[in-house]
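Engineer: If you want the building blocks of each chain, they are given just below.
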Amino acid sequence: MNPSDSSSSPDPAEMPTWFLRPQNVRRVIAGLAIACGLLVLVDLVVLLSGVDLHPHFGWERWPGFYAVFGFVMCSLLVLVSRFIVRPLVMRGENYYQRDEVSDFKSENQTDA
Amino acid sequence: MPEALPPSLIFLVGAALIPFLRGRLRQVFALAVPVVAFFNYYLLSRGVHWRFELLDFELILGRVDSWSLIFLHVFTLLSFIGILYVIRDNNPLDLVGGLLYAGSAMGVVMAGDILTMFVFWEMLTVGAVLCLLARKTVESGKAAVRYLLVHLFGGGVLMAGIVVHIAEGGSTAFDQIGLEGVGSWLMFIGFGINCAWPVLGAWLTDTYPEASIGGVVFMATFTTKTAVYVLARTFSGEPTLIWIGVIMAVVPIFYAVIENDLRRVLAYSLINQVGFMVVGVGLGTTLSLDGTAAHAYCHILYKALLFMSIGSVIYRTGKSKATELGGLVRSMPLTCLFCCIGAASISAFPFFSGFVSKSMIMSAAADGGHVLVWLALLFASAGVFHHAGIKIPFFAFFSHDSGIRCKEAPINQLLAMGIAAFFCLFIGTFPDSFLYPMLPNLASGYVPYTFGHVLDQYSLLLFSALAFTLLMLAGLYPAEVRAVNLDAEWFYRRGGAVVYRLADRILNSLNSAVARIVQGSVIGGLTRFFESGSARIACLVMVPLWRLSGRDEEQIAQGRVSLAARMRSDAFPVGVTVFGAVILLGLLSLVYYTAFRRG
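Here the protein sequences come in this chain order: A and B.
For the first sequence, the working numbering assigns the number 1 to the initial residue and increments by one for each residue that follows.
For the second sequence, the working numbering assigns the number 1001 to the initial residue and increments by one for each residue that follows.
None of these hints come from the bench; they were simulated from the model.
A portion of the hints provided could be inaccurate.
Some residues of chain B that are not near chain A, with every Cβ distance over 10 angstroms (derived) [claimed, not checked]:
| # | residue |
| --- | --- |
| 1 | 1363 |
| 2 | 1367 |
| 3 | 1378 |
| 4 | 1445 |
| 5 | 1455 |
| 6 | 1458 |
| 7 | 1461 |
| 8 | 1470 |
| 9 | 1478 |
| 10 | 1482 |
| 11 | 1487 |
| 12 | 1493 |
| 13 | 1543 |
| 14 | 1557 |
| 15 | 1562 |
Computed footprint of chain A on chain B, listed as stretches where at least three residues anywhere in the stretch have a Cβ under 8 angstroms from a Cβ of chain A [stated by the list, open to error]:
| # | stretch |
| --- | --- |
| 16 | 1077 to 1083 |
| 17 | 1148 to 1157 |
| 18 | 1252 to 1263 |
We treat Cβ as the ideally placed atom computed from N, Cα and C, and that holds for glycine.
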């Protein structure tokens, strides 16, 4: 580990890189929204044109099935993790340390 | 053409020689080992090689077929990448650990019988422990002990299973076993511990984040994937595995969302990905087994890539927690790029490796009509994108600027990541180039790139990303918190503490009681005995004789004193010593004679 490196090479301009500039973050989000809209559109076109995409299950070809599934399940994942799982399993950072043998106690803060 | 060597032998000899080398020579030698192994790989011919007789068992060191070859190929490739990644620090623990680990894993996949497999299986643990110790912190040392204890237990269960299996009349053949009888169940569970099954696999997320930055690359590769390989050999088509795999794929993603340590997030997603492979083994069709082998190959590379990219962040900043990182794209743009390639691969974006392997397993589940399994795996796919695909790069390299300014990763780490990233892209874009032809059933005619599949995958992934973005903007995404999230390791970490305290009470009080008795009475008695006991015995014999010969009490007292002095200084006339020795020999021969006459 070279923690000393973290303070080196100060950037003279100190301008945020492209990805960290607020207006670019907005552009990325807008791009994502447009891409999502296009995918739904393609899905509809496929459905209306009657092209057979060989789905395993009929409902795979409901318009926007994958889109809705991805969006809803990911939202659920985050909400369940935050409001159900975290209250159940989260403990203090030193939860396991309090059980430890006394001769380790003085040293256990050394790890960065 | 020269003869091929057992691949495990190359690595084990390499590991054994590392401690004797120094400096540049050690670096060159360590890198040369996987290179030699790679040439050796192409000398291997299919069939069974290197058989030995041991007692009544036949040990087979080399069964070369499609299954062992594809795992051997990726293990060799990965060991080169891993050694290259750690070569700059030249830490002998990393190098010996990595080579020993690789050799053991290759020993398992090349084994042709269960006993050989078991020996190498146990050696995997040694490699992993070295990779943990290589971090050289107090926490990593403690994690190494926990790792060792869990895997010794797992090895014990497997050993018991093998013994019972053979006693029940089973053969030592390393082939399909199936779940019948106690022996096979014990083996099943023994494999499951290494495969990080639900509850049994808590050691993985507990210890991996404590390993050295290079050590974890080896750990993420060898233990769980050899377990998948062994399961595919012995329990393929076992329906229990389908549901074990589904739980592995689904449950860890909830933990990953709230976890702060980025290497632990990767450990959760590792279990999620191994879950897909276990489902593939459980389905047991030609397509699903091909999917398992392909997914193992791809997974090893992108998981190593992700661990390496976060490892480089740790190397430069000393930090691995989401709360302490962010904005590193400025300082480490190449590491960020490689991390994103790994993230896209694990998320199965089209043209990245996960896309061409994971979909085989999902397709096999759908072909078998397993609707629930298929839906669960689809959820797991969206979930892994969510936490490994977005969260890892986002919190390390983007998010808010943590203010950290550091150097880009060193050249050897960038090269290692670059090679892994190249394979992720190459396999993902050209699956027919070398991955599919290597599969046991040649991919069973699977075609990953259809218009429908690409469209569906993009829909799933981009809308998952949209959900992440909106939840982030709405402030609903769980804030990163420095915390411990309880998992099944609670049973041995807290339970272990309780056992420790109980053992402390019982054994230490026993210990001190015994100490009191031994030190207080026994040792004192023995000391007195050895100091003056022989003189006393001699006096007991001599005093009556002196009395009989008519000596008075004063002479007898003098006799006692001189006897004691002689005893202490061993000053006896030679005649007395010889006399004593003859009596002793006589007694010994008497004992010997009577004992053996009766016997």
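Engineer: I'd like to know which numbered hints this structure contradicts. Please list them from smallest to largest.
Structural biologist: 1, 2, 3, 5, 6, 7, 8, 9, 10, 11, 12, 16, 17
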